[in-house]
Amino acid sequence: MSATGIGASVRRKEDHRFITGQGRYTDDINRPGQAHAYFLRSPHAHATINAIDITAAAAMPGVLGIFTGDDLTADKVGGLICGWMIHNKDGSPMRAGPHPALAQGKVRYVGDHVCVIVAETLAQARDASEAIVVDYGVLPAVVDTASAAGAKTVVHAEAPDNTVFNWHLGNKDETEAAFRAAKHVTKLDIVNNRLVPNPMEPRAAVGDYDDGDGIFTLYTTSQNPHVARLVLSAFIGIAPENKLRVVAPDVGGGFGSKIFIYAEETVCVWAAKKVGRPVKWNSDRTEAFLSDAHGRDHVTHAELATDADGRITGLRVKTTANLGAYLSTFSSSVPTYLYAPLLSGSYNIPAIYAEVDAVYTNTAPVDAYRGAGRPEATFVVERLIEVAARELGRDPAKFRMQNYIKSFPHQTPVIMMYDAGNYGASLKKALEIIDYKGIGKRKRDSARHGKMRGIGFSSYIEACGIAPSAAVGSLGAGVGLWESAEVRVNPVGTVEVLTGSHSHGQGHETTFAQLVSDKLGIPIENVSIIHGDTDKVQMGMGTYGSRSGAVGMSAIFKAVDKVIAKGKKVAAYVLEADEADIDFADGHFSVKGTDRKLDFGSCALQAYIAHKFNGQDLEPGLKEGAFYDPTNFTFPAGVHICEVEIDPQTGVTRIERWAAVDDFGNVINPMIVEGQVHGGIAQGVGQALLEGAKYNSDGQLVTASFMDYCMPRADDLPSFQVGMTVTECPSNPLGIKGCGEAGAIAAPPAVINAITDALGHEDIAMPATPQAVWRAVQKSITRMAAE
Amino acid sequence: MYAFTYHRPGSARQAAGLLARKEDAKILAGGHTLLPTMKQRLAAPTALIDLGACGDLKGIVRKGRVVVIGAMSTHAEVAESAIVQEAIPGLAYLASHIGDPHVRHRGTIGGSVANNDPAADYPAACLALGATIVTNQRKLVADDFFTGLYETALEEGEIITKVVFPVVSRAGYAKFRNPASRYALVGVFVAKRGSDIRVAVIGAGEGGVFRWLEAETALKARFAPKSLEGLKHPATGINADMHADAEYRAHLIGVMTKQAVAQAVGR
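Line by line, the protein sequences are chains A and B.
Under our numbering, the residue at position 224 of the first sequence is numbered 224, and the numbers go up by one with no gaps.
Under our numbering, the residue at position 20 of the second sequence is numbered 20, and the numbers go up by one with no gaps.
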């Protein structure tokens, strides 16, 4: 391994510009003559719009234009789309209402877009917004996930009982039979709390229109600029793709929330032509709370069947998923195909049946958030397993070990074919790291100091590298999920790699360069990674679902192989040898069995000057592209163990120890991977202990700022002890699986299992705030007194 | 934020003059409440009078049995003051735990006391230590100064110039932070001056800072955490929100009082 090659913890190349304030984010982009947009948002969760009077506002200083939904319709700008079709149990398609970028006669959540004001300055736009008179007919709101279906209040006429779909997966009859034959059944009611993504950089957009060429440009905070262009062009109808450029420059975190195509960027790019000026919008934090797509929000009843030997024989799950007021871009896939196929966890469960009802409510749209469906599935499985072990009087580690899948490939009853893994190895390593043998003593020590200590396991699995295009197409996806890459070799042998993946914190500029530098045997400084601009990168599907390594880098791998193959042809001419006799290693083309060789840079130069070969026999130049479509999902898995200490006086939970052992397959940059694990755990701990978006019964978001929405801080977290095991992924050339979401998936059940271990009962929901834990402790005390 | 004019007088006297002349003017003394409120367009003063350049409002001195803290002293200055650390370590400790480093280097004692946020820390210290709030017009004892949620006895045109703290024999502060905002969900300052014992509670009371007289009585027997065993603050009159209902907050008053006493007696 070289100092910068595959497997080396190379420092991130991009950090110099980030930590010296030289990153270039959307809000750093200012176009000549730029105007500013402000969105007037609904203060009501549910209301008809009887009239919008803009007369006074339009006459205010600096106002360039005020636009409503009618203006979009007049310009034939379509509504926002949901790109994944789900079918009901009876085979009928899901019932989706329209999703206009600006309201059409009705608003459906607090923060919904009523109209946009474009003015010379943001302050003028805001001033004008206060002069707009909207005549609302306020309607009752439906907010609660569990009771939305069949509620009197209807969010969309297209879904008269507020149910978007009722969907199912698995083998129902076999599952019922398994439960009939079960020796023991464990039952659990679970709420997976709603979360607000809160990337450090809020969403932003700058729309620009070049009247000379008729070309629109949209600079925006996107995880997938090509998908944004496709949707804005083919579905929303802003402009044909060749007349629409989308640039996603440096993006300060996304966690899924910047995958989606929202109202604001759509309106900004359209309005740029309307007012004849570039138009900027930058979300403030309150807008981000109100209008970024939220995550999770499931209510679930789950049951696990076991036989007399403690083997798991069946799992049945009934989930209601809140999708909010409109179907966001990939919302329908999250509680279905990104959720139920993971319900087998790491376990050999012969019969699984899951039913999912998705409901509309008068809340912000809910879509993919770090892990997207897989954290929800893992929480169900790992809570059930832990509780089952407790009810059966089994050690939770041994119970897991007994029920692990141990031979591969393994076909689950819920679509997935696990290709490789060694869950027992991860568990053993995690037990060693946490010193499981010493937990009894540590519990006693805590008790002596008036504290309550508990330990909790999470043996997660997830499906990454989404995904084989044909497979997701058969499940309802509107797009294929391959990735593209282009490797452009300059005449001096430096390399530009254009990728359809997008980096918004993941460190692609380093990791991808490591791969290319390693394969071509050239210094890492000679490799530049270019992404995030539809004018530069031809096409791509973007970054989410931990796919940039497994899919994005596999495309680069393929393209580099093509470059090497072409280089061999050039080298054969230069070295006057047969192409079949040319080897490539350590940055040199050589003739087998001789000392004749040509370094990579010289080969590139020869390819471009093209003096040594006939242009009819071999094309000059050295540039290759590749599209890579994976053959399977990848299946990262691991074991996280969390140890907590509760102060029964205050209800404060301190995480004392954390062991994380993950199997991500091969790893390119261990430091970056470990960083992803740390960040993921932090978000997972946030969900378990701190974060929870709450609407009141009127549909007002009561956690609409950091004053009430609790984000994890450094002092909420322990020092993580991270270990790794490796089983190579057989479905991609690099053998890698993906690491971006693992921590966020693994962490919540580990924390709650630890807390419930300390409490001695299961009655605690996320987030386990000090108040909630204190109440649960009172219950523990009452119970102990009764016993 | 709406447009406003900005003034930066060089003395309290000039500031008072501006305040009298400008209609709808607000004093800027750190701005950690005012500025966010203005950014949200919930406050719209036509003029801001920044006290940051008023040299006469700065400085910390000890005068015999009192410590005098200029109103524009930042929380960090109070926390790091050798005078405060030596005379009333509990007060320095309190200041060192206000907000985060940004807040501590911008926020001031005068701004905090004048705002009387029910979740701010300083009102508890003022009330428990029996501080005197000195303005450009008069002197007010803390018991008379804090009159309700965000309410004080300050009159129109009145500017706090300094806060005078008696040096006590024992003082301690403990707070339970709101997990999200990290303001005091419950903060308790205890002080012992001779036989006079005071327990002031912030964060919990519906009317803002208040004294817990039962705890004071209990501590008079012996100034030790043990004296508080079995003593419970009732949940009536206690704030309730999503982070803590009245019962939990009332319970935390007891826990924090014990911790504050333990700190005061050096345990």
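If you are wondering where the hints come from, they were derived from the structure by calculation, not from laboratory data.
Computed from a prediction, not measured in an experiment: that's the story for all the values here.
The beta carbon of each residue, even a glycine, is placed where N, CA and C say it ideally should be.
Treat the hints loosely; a few may be bogus.
Claimed, not checked - Derived Cβ-Cβ restraints for the label pairs, each shown as a range:
1) A:H761 with B:M242: 40 to 48 Å
2) B:L231 with A:H16: 57 to 65 Å
3) A:D75 with B:Y6: 51 to 59 Å
4) B:E155 with A:H16: 49 to 57 Å
5) A:H449 with B:D196: 29 to 37 Å
6) A:P61 with B:A235: 48 to 56 Å
7) A:G214 with B:Y6: 20 to 28 Å
8) B:M242 with A:A308: 32 to 40 Å
9) A:D210 with B:Y6: 53 to 61 Å
10) B:E155 with A:K152: 22 to 30 Å
Unchecked claim - Facing chain B, a subset of chain A residues (Cβ under 8 Å, in silico):
11) F18
12) S590
13) V591
14) K592
15) F613
16) M707
17) D708
18) C710
19) P718
20) F720
21) T769
To see whether the hints hold, each was checked on the structure:
1. A:H761 with B:M242: 40 to 48 Å: violated, 23 Å
2. B:L231 with A:H16: 57 to 65 Å: holds, 58 Å
3. A:D75 with B:Y6: 51 to 59 Å: Violated, since A:D75 and B:Y6 (Cβ atoms, about 43 Å apart) do not stay within the stated range.
4. B:E155 with A:H16: 49 to 57 Å: Given about 56 Å between the Cβ atoms, the range holds.
5. A:H449 with B:D196: 29 to 37 Å: Since the Cβ atoms of A:H449 and B:D196 sit about 34 Å apart, the hinted range of 29 to 37 Å holds.
6. A:P61 with B:A235: 48 to 56 Å: holds, 53 Å
7. A:G214 with B:Y6: 20 to 28 Å: violated, 46 Å
8. B:M242 with A:A308: 32 to 40 Å: Since the Cβ atoms of B:M242 and A:A308 sit about 46 Å apart, the hinted range of 32 to 40 Å is violated.
9. A:D210 with B:Y6: 53 to 61 Å: violated, 40 Å
10. B:E155 with A:K152: 22 to 30 Å: Because 53 Å falls outside the window, the suggested range is violated.
11. F18: violated, 21 Å
12. S590: violated, 59 Å
13. V591: Not OK, violated: A:V591 not within 8 Å of chain B, min 65 Å.
14. K592: Because about 65 Å separates A:K592 from the closest Cβ in chain B, which is outside the 8 Å limit, the hint is violated.
15. F613: Constraint on A:F613 not satisfied, violated at 65 Å.
16. M707: With Cβ-Cβ at 4 Å, under 8 Å, it holds.
17. D708: Hint on A:D708: holds, closest Cβ of chain B at ~5 Å, below 8 Å.
18. C710: This hint holds: A:C710 lies near chain B, its Cβ roughly 4 Å from the closest one there, short of 8 Å.
19. P718: Hint violated; A:P718 Cβ to chain B Cβ min 17 Å, cut 8 Å.
20. F720: violated, 21 Å
21. T769: holds, 6 Å
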